[in-house]
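A.B. asks: Each chain, written out:
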Amino acid sequence: MVFLFLLATPLLGALTLAFFGARRWAPEANAAFSLGTFVAACALTARVVGEGNLSAAHEQFFIDPFNVFLVTLTAFVSLTTALFSRPYMRIEREHGRVKPVQLRLYHSMYQVFIAAMLIALTTNNMGLMWVAMEAATLSTVLLVTLYRTPASLEAGWKYFILCGVGIAQALFGTILLYFAAEKVLGAEGMSALLWTHLNEVKGQLEPTVLSLAFVFLLVGYGTKVGLAPLHNWLPDAHAEGPTPISAVLSGLLLNVAIYAVVRCKVLVEGSLHSPLPSRMLMGFGLVSVVLAAFFLWRQRDIKRLFAYSSIEHMGIITFAFGMGGAVANFAALLHMTVHSLTKSAIFFAVGHAAQKAGTQVMDDIRGLITLSPTVGWGLMLGTLAILGLPPFGVFASEFLILTTAMREQPWATPILLLALGVAFAAIFRRVQPMVFGETTARRLPHPPALLPVFAHLGLVLVLGLFIPSYLADWFRLAAKLIAGV
Amino acid sequence: MSNLTFDLQLLNTFAALLLLSSFAMLSQRRVVTMVNLLAFQGVLLGLATLLLGWRTGNTHLYVSAVMTLALKALFLPWLLHRLIRRLNVYWDSEPLLNISATMLVGLLVVIFAFGLAQPIAALATTSTRSSIGIAVAVVLLAFLTMITRRKAMSQVVGFLSMENGLFFGAMSATYGMPMIIELGVALDILVAMLVLGVFFFQIREQFDSLDLHHLESLKEEK
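Protein chains in written order, with the working numbering: chain A, 89 to 573; chain B, 192 to 413.
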């Protein structure tokens, strides 16, 4: 029942906002629907904590510790993003960048996007997961092109075609998985696609087919994660769309894609008994971290800068999941959480900063702190947090990942450290003059929404100082589940 | 091949024609013809599914066949033809690689595809397992088509042809995915094409053309 509420709220929201998305109260309605989703997610979490794993609709959906925390995180960030988008989209409207019909599209697709991600997270059916991932892409394509500028159309086209081809590979991988599973579980009903059933018989699945399937699944979902060299769409899509969309793409969609990769990895690893999947994840992860760190130096657009930073962090997470083991998985889950919170907070601050400066080019944004101390400090603190300075949560997770790497994959540690150092310098030298110095900023017609920024950063700070025991238990359970113990 | 029954021979013929149409698509510069080839692939797929449904007595294959014919042989080609007329994009420009070189690469791709499909076909128990290689080849050839084209419309045709290959692969290896998944995939494809229609008009409004070299300005700045 709670579960139905969780999925029905955003869908109902999408339908309502498709008709009334341009009304004066539409941004509030958008936030209200997101609030409903968040409440449902919290109730669901409470039930899972109380009663253990749940399954619904003839096992088509299931909730375990791994996805329940992602569901809550997704619902929470989508709520705060909806709150941020309220003044942001109003300002865009007054600046004449969006028309009422585009606002309707925006609000409606925002809810569809959230619903698609929640379905991808909660479904037990690998096929349905694919369908939901594709739906999440499709719902955001027209949001990336919302401003109809040449650059945004290019970004949208790249996003559409690259993710389309990528996700087609994932479909092939899913077909191969089904093919292997059908031998063991039979073609009756949908058993051969249900993750829980697959997980039970993973030892009997044909290894050659599964390794082939994993290559396709990793390339397919990896395109959506933004793993190098499949990352080309990501900076463009993040930079050219409206900022609330950048925040949810970076903070949520990438997480959901990683989730899909990890679910597949658990199955394949159980069948193969070889380090192949782990090595592939570590390889893709490291390449992404290094490539992103060096690309960071060449950025001039502030949203592109932080998009590359997302690629870097996705690389770190993928690497950590590749190392496997309870500690690395725990660290990866923690990193997913803190990255999602921090990066969306940064995008909120960046969105208002770009509106104030009237540009996204970093050289033209100066002295945010004089005109609007809160936006300036939000950006500065967010940047420090994402760069992994203590006492923020990113430090804790990166520290855990690095120490595990030192123990288990010592060769990778210097590479990781070097890349983190390069990224630090690249981002900090850009952000520092934007925040301090002479100002060029203007006043905005609506007060910026900074509550979400500081709420997120506060949470990240808390996670850096101490992790509440129930959260730690939860991460530990999920980490064990992924490690296949 | 005397031990093959007539219907199985017919299925193999369909598979061969599917591969042939992929090659034709690879070499074709007229966008309208590419769409016609895509429709032809849709018809082949639909008929193959129908035949397989009759052979195995699997009712869900009948539904699947009807859906394939309606969507892939009729609706999508109709939509694409309409877009081509409205947007006036009949020809693709010179492909990035000349036609004969592309065909040679295509041949290598087919050999690679059969190699790739070998372990899968060896394990399959379906009577259509010999076509798995062809399905993989169709997917890879469609991929090649997408890489070598410059016009947005030809890339989309390539994308749909890739989806046809995947569908055929699923059918030959496992007699099709469960119904609800096939429905979901078909729905996604349908929505993708509708989104694309909107998208094309936006591109045209902005650039007066669907040539993708307009869409190459977002590069890394020094």
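If you're looking for bench data, these hints aren't it; they were derived computationally from the structure. Please note: incorrect hints may appear among the correct ones.
What the hints assert, rightly or not - Simulated coverage check for chain B against chain A, where a stretch passes if three residues somewhere in it have a Cβ under 8 Å from a Cβ of chain A:
| hint | stretch |
| --- | --- |
| 1 | 204 to 216 |
| 2 | 234 to 242 |
| 3 | 355 to 362 |
Said to hold, decoys possible - Here are some chain A residues pointing at chain B (derived, C-beta under 10 Å):
| hint | residue |
| --- | --- |
| 4 | G140 |
| 5 | S143 |
| 6 | F150 |
| 7 | V229 |
| 8 | P238 |
A virtual CB, placed ideally from N, CA and C, is assigned to each residue, including glycine.
A.B. asks: None of the hints should be skipped; say for each whether it holds.
C.D. replies: Against the structure, the hints:
1. 204 to 216: violated (count 0)
2. 234 to 242: Three-residue rule not met by the stretch 234 to 242 of chain B, so violated; n is 0.
3. 355 to 362: With 3 residues close enough to chain A, the hint holds.
4. G140: Where the cut-off is 10 Å and the nearest Cβ of chain B is about 27 Å from G140/A, the hint is violated.
5. S143: Given a least distance of 17 Å, the restraint on S143/A is violated.
6. F150: 16 Å, violated
7. V229: 6 Å, holds
8. P238: 5 Å, holds
Hint violations for this structure: numbers 1, 2, 4, 5, 6, all remaining hints satisfied.
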